[in-house]
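Asker: If you read the protein sequences in the order shown, they are chains W and V. For reference, each letter of the first sequence is one residue, going 260 to 648 in our numbering. For reference, each letter of the second sequence is one residue, going 92 to 454 in our numbering.
Part of the chain W face toward chain V, derived, beta carbon under 8 Å: (1) M260; (2) F264; (3) R534; (4) I548; (5) N559; (6) I569; (7) K573; (8) L641; (9) V645.
The hints are simulated quantities; they were obtained by calculation from the structure and are not laboratory data. Just so you know, these numbers come straight off a predicted model, no measurement behind them. Every residue, glycine too, gets a C-beta built ideally from N, C-alpha and C.
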Amino acid sequence: MDINFTKEDIAFRDEVREWLANDYPKHVKDKTDNGIALTRQDMVDYHKAISKKGWMGYNWPVEYGGTGWSSTQLYIFNKEFGLAGCPPLLAFGVSMVAPVIWTFGNDEQKERFLPDILNFDTWWCQGYSEPGSGSDLASLKTKAVLEGDHYIVNGAKTWTTLAQNADWIFCLVRTDNSGIKQEGISFLLIDMKTPGIEVKPIITIDGEHEVNSVFFSDVKVPAENLVGEEGKGWTYAKFLLAHERFGIAGVGASMRQLNRLKEIIAKLDNSELQRKVNELEIGLSAIEITELRLLSALENGGHPGAESSILKIKGTEMQQNLSELFVEAAGEYALMYPGPHGYESNDKPAGPDYAAEGLSGFLNLRKTSIYGGSNEIQKNILSKFVLGV
Amino acid sequence: MNLDYNEEQVMLREQIQKFCESEYDFYKREDIVKSKDDFDVNVWQLFADQGWLSMPFSEESGGLGFGAIELSILFEEFGKALVIEPYLSTVVLSGTMLDRSNFADKNELISKICAGDMHISFAYAEVNKTYDYSSVNTTLDSSNVLNGTKTLVLNGSNAHKLIVSCTKDGELVLVILDSDMDGVSMNSFSTVDGQSCSEISFENVKLTDDHVIASGDEANNLIKDSINLATLCVSAEAVGLMESCYFKTLEYTKGREQFGQPISNFQVLQHRMVDMFIESELAKSLLIKAMLEVNNKSDEMYKHVSALKSYIGKSGKTSAKEAVQLHGGMGVSEELMIGHYLKKMISIDALFGNSDFHLRQIT
Chain W
260 MDINFTKEDI AFRDEVREWL ANDYPKHVKD KTDNGIALTR QDMVDYHKAI SKKGWMGYNW
320 PVEYGGTGWS STQLYIFNKE FGLAGCPPLL AFGVSMVAPV IWTFGNDEQK ERFLPDILNF
380 DTWWCQGYSE PGSGSDLASL KTKAVLEGDH YIVNGAKTWT TLAQNADWIF CLVRTDNSGI
440 KQEGISFLLI DMKTPGIEVK PIITIDGEHE VNSVFFSDVK VPAENLVGEE GKGWTYAKFL
500 LAHERFGIAG VGASMRQLNR LKEIIAKLDN SELQRKVNEL EIGLSAIEIT ELRLLSALEN
560 GGHPGAESSI LKIKGTEMQQ NLSELFVEAA GEYALMYPGP HGYESNDKPA GPDYAAEGLS
620 GFLNLRKTSI YGGSNEIQKN ILSKFVLGV
Chain V
92 MNLDYNEEQV MLREQIQKFC ESEYDFYKRE DIVKSKDDFD VNVWQLFADQ GWLSMPFSEE
152 SGGLGFGAIE LSILFEEFGK ALVIEPYLST VVLSGTMLDR SNFADKNELI SKICAGDMHI
212 SFAYAEVNKT YDYSSVNTTL DSSNVLNGTK TLVLNGSNAH KLIVSCTKDG ELVLVILDSD
272 MDGVSMNSFS TVDGQSCSEI SFENVKLTDD HVIASGDEAN NLIKDSINLA TLCVSAEAVG
332 LMESCYFKTL EYTKGREQFG QPISNFQVLQ HRMVDMFIES ELAKSLLIKA MLEVNNKSDE
392 MYKHVSALKS YIGKSGKTSA KEAVQLHGGM GVSEELMIGH YLKKMISIDA LFGNSDFHLR
452 QIT
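Whenever a hint applies, use it, and build me the whole structure from the sequences.
Answerer: Laid out in structure tokens, this is it:
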């Protein structure tokens with residue numbers, strides 16, 4: 260057994276650190292470090308800087324312009340970005356729709372969509388959940404009917420992250436109602452500028468506009484935008500979820516939060532908080548080593564099994580618990596909440612800096628145990644595939 | 092990076108598993124616990140024959156030179172089978188301490204341990220000295236006369252020799268003496284997990300310089316490392332136990348029918364068993380980290396052993412309690428292993444600093 264990275268991996272880690280020190284756009288860093296929300300342009304600048312370095316296709320094969328990195332390199336990349344406090348990379352284009360396109364799409368679709376994703380020239384969003392279809396996603400009702408060479412799409416998607424910024428949406432739509440619910444689903448790419456699409460904000464409890472409802476009324480989508488075969492969308496969706504789950508533990512980002520928390524607590528002389536921080540430190544170490552075990556298995560030719568569901572559950576709980584300790588550390592100042600964009604206003608509230616930020620994180624991160632297959636769904640997955648019941 | 096066990100380590104685990112299945116099933120264990128002896132001398136001899144008693148000793152001392160990884164494997168499997176033989180006491184606490192020391196007679200003593208012919212217990216604990224084993228009231232005066240009382244000496248009543256921590260002129264000293272020397276008296280009792288331990292008084296026991304293993308910093312380090320390794324071992328035992336609690340509970344709920352179906356069909360039970368599985372995996376991860384740090388003798392090893400011990404003290408107890416609950420009435424019956432797992436987990440948490448104590452060491 261050897262828990263250390265190879266020389267090559269250490270050299271790679273240093274290269275990532277060097278980029279973060281020199282080329283991570285300064286205006287993005289300044290805002291992020293101070294808890295100020297990023298604009299659409301900030302996010303574009305950030306992603307384009309990564310594209311320029313050639314790292315946008317971090318989980319892509321070389322033949323499509325990706326990095327061809329090993330699982331370990333990908334882990335290091337994720338962890339270092341997290342440790343540096345970078346915003347999470349938008350997954351919708353690069354690591355969600357792209358693998359579906361290169362695996363199941365035709366050559367024309369690959370040429371049309373993949374380079375733009377790699378350069379971050381198109382912003383993608385995900386049309387999965389519906390008002391009546393959350394965990395039971397396969398019950399979705401948004402209908403696509405083929406008329407000539409177009410699909411006519413009607414229905415509603417919800418919880419659509421950053422749809423207000425998106426150029427394109429990949430959607431699961433129902434093309435057939437006759438068989439079992441999983442079999443009538445298709446995977447459709449839709450230009451957000453198409454007439455008949457309406458985006459309405461959903462404001463979440465942290466006061467942020469991150470998610471939306473997206474309504475489709477007689478939206479005409481060219482039939483050539485269907486990926487793969489009609490009726491096979493559910494297979495592609497499950498394939499996509501497997502790609503989504505990697506790195507979801509957010510170990511690097513949690514380590515950064517833990518270290519900041521330790522600095523804060525050290526000044527407070529509060530043994531109860533210290534105790535809770537120590538518990539989280541041990542828990543985070545357990546998650547980190549579990550992810551390394553997964554990595555080691557992958558590097559030795561194994562397949563990700565139960566570990567990815569464990570990482571989803573424990574990683575998101577950890578993010579939530581850390582944010583809650585920031586709130587507890589703020590004590591009575593936690594009652595003041597200037598909103599998610601806090602210190603953009605001129606009136607800087609009283610109390611420590613981390614008070615408002617902690618609360619914004621605490622409220623915002625409630626989503627993590629709900630999205631990406633809720634933690635209860637993860638436990639159902641583990642029941643089926645590990646317990647065998 | 093490679094976190095797989097190597098071929099020899101996998102074979103060692105299989106060897107121990109096979110032994111536990113064929114020679115140490117639950118009924119056999121019950122017989123040993125209920126007998127007047129504290130453990131089975133024949134089983135102990137089999138340990139010697141398999142080479143297990145020689146495992147952690149250096150090759151210069153006649154051992155196999157195995158490290159913390161192999162010991163962890165052994166204790167994980169011992170935990171699953173609830174082995175009560177005093178490996179921890181004789182081999183880990185006392186044997187490895189002697190091996191690391193410069194004591195003149197250590198090779199002779201270690202070869203007797205390896206052969207299965209000798210038991211040595213380490214008397215480290217005293218009343219009202221919560222987990223700080225460097226602070227002791229037992230004294231060795233200037234003429235090497237030993238006075239004091241040690242408590243919770245594991246396997247004390249079967250020990251041929253005792254290693255005792257004491258102070259001489261304010262300096263920590265480790266001495267080793269025959270347990271039947273004049274002035275040594277013992278009160279022995281059984282523990283919740285079926286083992287035995289003793290309260291031992293030393294009244295004007297006359298020793299010489301030849302009885303001294305180490306003093307000062309050397310003694311302190313020997314104690315610290317011996318306790319640290321033993322802490323890793325009982326934690327590994329807890330990790331094995333957690334895995335068994337999960338497996339046996341799953342097996343039981345699949346076979347137990349109520350309301351016309353196996354109770355494993357119920358989601359509320361499924362999710363609780365998933366939690367047991369997850370906790371067992373996370374504990375395994377912390378074990379891997381801790382045993383590698385101990386194996387490499389890194390500066391961080393104490394911290395990682397504390398992290399592991401703190402974690403299993405809580406999650407191990409939770410798993411064992413859940414196992415009892417999900418077994419229903421059978422969970423509290425002496426006839427099933429499950430209740431004994433809970434008792435073992437209680438004793439593991441109590442040894443060498445409980446969960447709260449080790450949580451404070453992380454700071």
